[in-house]
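Asks: Take the sequences, apply the hints, and build the full model.
All letters in the sequence shown, in the order written, are residues -21 to -1, 1 to 597 by mature numbering (1 follows the signal peptide of the UniProt record, and there is no 0).
Be aware that a few hints might be false.
[Unchecked claim] Subject to a maximum C-alpha distance of 20 Å in a straight line, what follows is the list of computed EDC-like cross-link-like pairs (lysine to aspartate or glutamate):
{"hint": "1", "residue 1": "235", "residue 2": "11"}
{"hint": "2", "residue 1": "297", "residue 2": "259"}
{"hint": "3", "residue 1": "191", "residue 2": "15"}
{"hint": "4", "residue 1": "500", "residue 2": "561"}
{"hint": "5", "residue 1": "278", "residue 2": "253"}
{"hint": "6", "residue 1": "149", "residue 2": "269"}
{"hint": "7", "residue 1": "226", "residue 2": "195"}
{"hint": "8", "residue 1": "278", "residue 2": "150"}
{"hint": "9", "residue 1": "235", "residue 2": "187"}
By construction, these hints were calculated from the structure, which means they are not laboratory data.
None of the values given here were measured: they were computed from a predicted structure.
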Amino acid sequence: MKHLKSIFFSAFLGGSFFLTAQNNTYWQQHVDYTMDVEMDVKTFQYSGTQKLVYTNNSPDELSRVFYHLYYNAFQPGSEMDIRLQNIKDPDKRMMEDDKSRIASLSETEIGYLHAKSLTQDGQPVTFTEEGTILVVDLAKPIPSGGKTTLEMTFEGQVPEQIRRAGRNSKEGVALSMSQWYPKLSEYDFEGWHPNPYIAREFHGVWGDFDVKLTLDKDYTVGGTGYLRNPQEIGHGYEAPDTKVKTKGKTLTWHFKAPNVHDFMWAADPEYIHDVYEMEDGPTLHFLYKDNPDFIENWKKLQPKTAEAMAFFSKNVGKYPYDQYSVIQGGDGGMEYAMSTLITGGRELGSLVGVMAHEMAHSWFQHVLATNESEHEWMDEGFTSFISSLCMNEIMDRNKENPFQGSYRGYFALVNSGLEMPQSTHADRYTTNFAYGVAAYSKGSIFLSQLGYIIGQDKLMETIHKYFEDFKFKHPVPNDIKRTAEKVSGMELNWYLTDWTQTTNTIDYGIKSVETDGENTKVTMERIGEMPMPLDILVVGKDGTQETYYVPLRMMYGEKDNPYPNLKRTVLEDWPWAYPTYEFTLDMPLENVEAIMIDPSQLMADVDGENNVYQAEEE
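Replies: Laid out in structure tokens, this is it:
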């Protein structure tokens, strides 16, 4: 039936794109960091000062604040360690000989991050460290609309590289410094979000960062922010055809990053640093190990990175910063503000793929920035959706359905019996498998299937409008739903509810095809609990093709014809409560070759076997 499935995707990839004005409906907190940090590359210990100016834009008076101390997770007996030892399918990267790698860390290998002193506007405050959270009772409340300055001295130790951050990765990268500083927790309309670091996902406050890093002069540094003193540093940042002379054993790198909610840096004495200038886009930086096994692919990666940047800017919205860095480090791929850490020893296709995925996060996590702990599917899933489209284009894959992998993953989860609603907190999934599929695969299908419901042009218009309306605003699920409603004119609460808050499945079938005089009567049945509209393709034995569209009554709207080259008949709405639905074809049964529900294969129907009627061969 492949010829019945191939009609769709030329229309999908040729959709039109629109921009709309931003609305200002949310208040956001604001925080500015000024940090001065010294790193001992031999002991992997560091100390620093942090001046934090916090603006309370909320309508509430705040009497306490919370900081994240992420590195405290990398200690035997931490919540992360205990969870790793008890979950059914632990992350293999964090295991060795079927045992937790965290559990075996020695005192010199663990990670830690401790506040040594803390004042508010010059007055000492009371604070307690509770695992990966610092609870601070303020000396005086911060009124609505007020500001306060919190000044801290802190010290830390970089853990052995186990998950995302750490030292001495398997590929030999010395320092992957993510989640490394005392980070203020987000306070929004839902309240505080002091989530302990147990497994995954982050949430942060936007602000401006001014960071000075002092470390051994042989180390090249890259990451978040613009380097403010390149002529003092060199290492590939200096102006072309100029030389930099340094004195002493250390260098102090001065970075500034405007309007970000995170700050990552990585450093290694063997980094190659390449700069790639785009014609109409940000300056791209690439830092990777001077390893002959890596170099060729990292050179080929650079123009592909520029292509991906152009693709996302066109199809989501303009990238808002002047720089983006791709850096070898970490333990796989992880997104950060203005940058990413990815492992480097990959085949070219894999290297491009992980770059594209992590770069796409720059839009969905580092500009839109949903709360990943509560709505991880809005970040990971939307990122998977747009990066699948990107890879299909920049790698010339020309797949009929770039999202097939997401659908396979979702169907496997449904059949496993382990599925939990997408509204589950990221740390509460009983298996990593269920979390991964819900966040990545089912989250991606939310958009690809939304395109099936409202039409592909309307989907891409929705993505543009969603980005423009909610950038820098921490959107929630209702925001993407309302955006799609405004663009399409349909009511979509049923879709958001069933797909994300339940484990209801979609299952429609062709129950019977019977002679009805000179016509043919087709009876459809709804077997699953989740409602959907239906596109139905009818193929005659003479080769003719036409479609029938069955709107879902509770949508209170209809999409445009997704197959403009085919005749379409719009049928009466199907009310969800009715288990069956009948319609008539204006042709005798002997002239019907095949009938197929959803030729696009974008509806996540869990049983495709009952979606097709095929005439018996004579």
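Asks: Hint by hint, note whether the structure agrees.
Replies: Do the hints match the structure? See the list:
With a C-alpha separation of about 11 Å, the suggested pair residue 235 and residue 11 falls inside the 20 Å cut-off, and the hint holds. Pair hint residue 297 plus residue 259 holds up; C-alpha atoms about 11 Å apart against a cutoff of 20 Å. Restraint check for residue 191 and residue 15: the C-alpha separation of about 5 Å stays at or below 20 Å, so the hint holds. Simply put, residue 500 and residue 561 have alpha-carbon atoms about 7 Å apart, close enough for the 20 Å limit, and the pair holds.
At most 20 Å may separate the alpha-carbon atoms for a hinted pair to count; residue 278 and residue 253 meet this at roughly 9 Å. This hinted pair checks out: residue 149 and residue 269 have alpha carbons roughly 15 Å apart, not beyond 20 Å. Only pairs whose Cα atoms come within 20 Å are accepted, and residue 226 paired with residue 195 is accepted, the gap being roughly 11 Å. The suggested pairing of residue 278 with residue 150 holds, with an alpha-carbon distance near 18 Å, which does not exceed 20 Å.
For the hint linking residue 235 to residue 187, the alpha-carbon distance of about 7 Å falls within 20 Å, and the restraint holds.
Violated hints for the displayed structure: none, as all numbered hints are satisfied.
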